[in-house]
Amino acid sequence: MYEVFFKKVNEKVNLTSEEEDICKSFLVPKKVRKKQYILQEGDVCKYSAFVEKGALRSYTVDERGHEHIVQFAIEGWWISDMYSFITGEPSVYNIDVLEDAELLLLSNPSQEELLQKVPKFERYQRLLVQGAYIALQRRLVLSLSQSAEEKYTKLTNTYPDIIQRVPQHMIASYLGITPETLSRIRRQISDRK
Amino acid sequence: MPATKTIAIIGATGSMGSAIAKSLSGSSNRVLLFARDIEKLTSLLEEIKEVHPNGDVEIIGCPTDACWEADIIIPAVPFGAENEVAEKIRTVATGKIVISISNPLNDAYNGLVTTPDTSAAEELQKLLPYSKVIKAFNTSFAASFTNPVIDGKIANVFIAGNDEESLETVSELVKISGFNPIIAGGLPVSRTLENMQLLLISLGRKYNYNGLAGWKILHN
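So the protein sequences, as listed, match chains A and B. So for the first sequence, our numbering puts the first residue at 1; every next one is plus one. So for the second sequence, our numbering puts the first residue at 1; every next one is plus one.
Derived from the structure by calculation, the hints contain no laboratory data. Beta carbons are placed, not taken as given, at the ideal position from N, Cα and C, and that holds for glycine. Be careful, since some hints might not be right.
To be verified - No more than 25 Å apart at the CA atoms, straight line, and that leaves these computed lysine-lysine pairs for BS3-like:
hint, chain 1, residue 1, chain 2, residue 2
1, B, Lys5, A, Lys35
2, B, Lys175, A, Lys46
3, B, Lys49, A, Lys34
4, A, Lys35, B, Lys49
5, A, Lys117, A, Lys151
6, A, Lys46, A, Lys35
7, A, Lys34, B, Lys5
8, B, Lys5, A, Lys46
9, B, Lys126, A, Lys24
10, B, Lys5, A, Lys53
As the list claims (entries may be wrong) - Covered, in the sense of this in silico footprint (three residues per stretch, anywhere, with C-beta under 8 Å from a C-beta of chain B), are these stretches of chain A:
hint, region
11, 22-35
12, 104-116
Turn these sequences into a full structure, and let the hints guide you.
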């Protein structure tokens, strides 16, 4: 239930078994099924979710009803609306389940208490946020300056698992292109091979 | 988390378990049922589906799995069986609301087996130290779930617990089931609530209430 979590945390910091037990006392184990929501627009994001197993996505819906995918999360990743989680303001995102999942949920008050009791967790989080910030900057530059094909190629190289596991129309939504464009790009790439 | 909660009822075929299952299944919540007697459980599900064809209700074959999926856990088993249930669900109940509905009655139903300095709810909290144990529904007879209006008044359900947010969540469930919730205080108030039901049971026997009795605070 906690295997992936401690593997990931211990890649960055080394927890003692006592510290691992403290972590366990704050993490809420939650199984969710495909298509269930763990956050809906308008609700407050009370938990940050670590994915032990399965796949999820966060997305917004625009005025015309189009979905825009912000993030995917598979084993070893965290997913939440950090703004809503920290401020307690209603979220503008939805987070739903793409593949049956096992999550570990951490509420904001629990996180604060955990950081007090296990200071190493603060370092783990800092490293995590640094990595996420860099990834976000790269994604922004990519989306501002690169062609659709470059964006797709970059994604397949960086996260081949996600390409395998997520439906094509969601990949298109994540890249900000139409499903038709994505399918044309995929055809062109495979023709060249 | 979305407003829809997943509720696991462990021991769903008992009189209280099935009464609670039926009364919560008509809501927007998702209800997961577990009991050892799969035949009884299947007929309970059929019964619920007849009344609430669109209700999100499901049988889960293992109490641990049911509670792993749940946000709220209701062990609807006698006090004596709570230890065994707690063993099975402890690892997946961290951070979740666990509703203590039981009364620690002795075999003759004329006294409590707990000492005066504790209660069934507090004992359950000791067994599940990382869960949010909330006392509720222990002063309601199973029969009153069919119609919580007794003598023209909506019966009260008293709620006790130490976590504010969980008390509010359970109040909402009480409203859904048709009763009138009253937050009575911290978890130790369960001692009084469990004694109240002991009194109601003994009065019921003496005056033949047939389970059609409940508590109501009268006030102006």
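These are the hints, each one checked on the structure:
1. For the suggested pair Lys5(B) and Lys35(A), the alpha carbons sit about 15 Å apart, so the restraint of at most 25 Å is met.
2. At roughly 23 Å between alpha-carbon atoms, Lys175(B) and Lys46(A) fall within 25 Å of each other, so this suggested pair holds.
3. Between Lys49(B) and Lys34(A) the CA atoms are separated by roughly 23 Å; this keeps the pair inside 25 Å, and the hint holds.
4. Between the alpha carbons of Lys35(A) and Lys49(B) the distance comes to roughly 22 Å, so the proposed pair stays at or under 25 Å and holds.
5. Of the pairs offered as hints, the one joining Lys117(A) and Lys151(A) is violated, with about 42 Å between alpha carbons and a cut-off of 25 Å exceeded.
6. Taking the CA atoms of Lys46(A) and Lys35(A), the gap is about 19 Å. The hint holds against a cut of 25 Å.
7. At most 25 Å may separate the alpha-carbon atoms for a hinted pair to count; Lys34(A) and Lys5(B) meet this at roughly 16 Å.
8. Pair hint Lys5(B) plus Lys46(A) holds up; C-alpha atoms about 14 Å apart against a cutoff of 25 Å.
9. Distance restraint check for Lys126(B) and Lys24(A): the Cα-Cα separation of roughly 17 Å lies within the 25 Å cut-off, and the hinted pair is therefore satisfied.
10. Taking the CA atoms of Lys5(B) and Lys53(A), the gap is about 21 Å. The hint holds against a cut of 25 Å.
11. Here the region 22-35 of chain A counts 10 residues with a CB under 8 Å from a CB of chain B, which clears the bar of 3, and the coverage holds.
12. Chain B is given as covering the region 104-116 of chain A, and this holds because 3 residues of the stretch bring a CB closer than 8 Å to a CB of that chain, at least three being needed.
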